[in-house]
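Sequence order for the protein chains is A and B. Going by the numbering used here, the first sequence opens with residue 1, and the numbers climb by one from there. Going by the numbering used here, the second sequence opens with residue 1, and the numbers climb by one from there.
Calculated directly from the structure, the hints in this document are not laboratory data. From the three backbone atoms N, C-alpha and C, an ideal C-beta is built for every residue, glycine too. Among the hints, a few may not be true.
[As the list claims (entries may be wrong)] Some residues of chain A that are not near chain B, with every Cβ distance over 12 Å (derived): (1) Ser2; (2) Ala5; (3) Ala10; (4) Leu12; (5) Thr13; (6) Ala14; (7) Arg16; (8) Ile32; (9) Arg37; (10) Ala38; (11) Glu109; (12) Ser128.
[Unchecked claim] Calculated pairs, DSSO-like style, for lysine-lysine (alpha carbon to alpha carbon, straight line, at most 30 Å): (13) A:Lys113 <-> A:Lys55; (14) B:Lys55 <-> A:Lys113; (15) B:Lys113 <-> B:Lys55; (16) B:Lys55 <-> A:Lys55; (17) A:Lys113 <-> B:Lys113.
There are 2 protein chains.
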Amino acid sequence: MSDAAETESAVLTANRAFYRAFAAGDFGLMDILWSHRAPVACVHPGWPPVRGREKVMETWRGILSHPPTPPIRSVEPVATVHGAFAYVICFEVIGELYLVATNLFVLEEGAWKLVHHQSGQTERRPGSEPERGDRTIH
Amino acid sequence: MSDAAETESAVLTANRAFYRAFAAGDFGLMDILWSHRAPVACVHPGWPPVRGREKVMETWRGILSHPPTPPIRSVEPVATVHGAFAYVICFEVIGELYLVATNLFVLEEGAWKLVHHQSGQTERRPGSEPERGDRTIH
Chain A
1 MSDAAETESA VLTANRAFYR AFAAGDFGLM DILWSHRAPV ACVHPGWPPV
51 RGREKVMETW RGILSHPPTP PIRSVEPVAT VHGAFAYVIC FEVIGELYLV
101 ATNLFVLEEG AWKLVHHQSG QTERRPGSEP ERGDRTIH
Chain B
1 MSDAAETESA VLTANRAFYR AFAAGDFGLM DILWSHRAPV ACVHPGWPPV
51 RGREKVMETW RGILSHPPTP PIRSVEPVAT VHGAFAYVIC FEVIGELYLV
101 ATNLFVLEEG AWKLVHHQSG QTERRPGSEP ERGDRTIH
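Just chain A, same shape as in the assembly:
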């Protein structure tokens, strides 16, 4: 595997751990996965932005105390790496509910740590392509 492929694989591993923590309601793992050094933020679907580690982790503590059922799954994750930061865009699937998320990571002491997550609902399904003239709001 090339260095680039190895790096992408490491980012996708961190992304999988995020959804494992999410699905399992594992706050301890979620806490480890988020950066302790860099400023972090989060945009949960329909929420206003949440900024700062303490507030972000407080939202996760609430969410993970009753994780979504059926368990959330990440589908079609694609990692893009730019040096010491990377982002994964993926679908999130909760039963019949579909969302699209961006998860932003930074490299800290050899580990990819989350610094930002934004998720929003979509009517579209994994595998679908944007259509010409496709527009909802903008």
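Since chain A is already given, all that's left is putting chain B on it; use the hints.
Frame of chain A, contents of chain B only:
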């Protein structure tokens, strides 16, 4: 102004230019603002992810041919800088419609260029704080 404040200011200037291009339907400016070097992606509200410069700019060409009315405005933008990348989280306001967006930038030859944009609708208004127990989907 400190170096950090100057950098944040430069990122916010790039973010303002993005919304100026968006509101004015100025595809030429929008094209300049997106990176020509780094891989780019976009998640328009309700859309599946769009990946690759050609496809992303094609979506902008479509959107900017009929930009939203009343014109889109960016409210409460906050920039976070991590070395050669930065992101801005802000509200987007189109009349009575509120969205939250993350705009991701990389530094290229001294200019902050967009590499990713995700926007999603919110019921919440600028100035509001997440409430304890606040949850929509997750």
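Inset, instruction - Hint by hint, work out which the structure violates, then give me just those numbers in ascending order. - result: 9, 10, 12, 16
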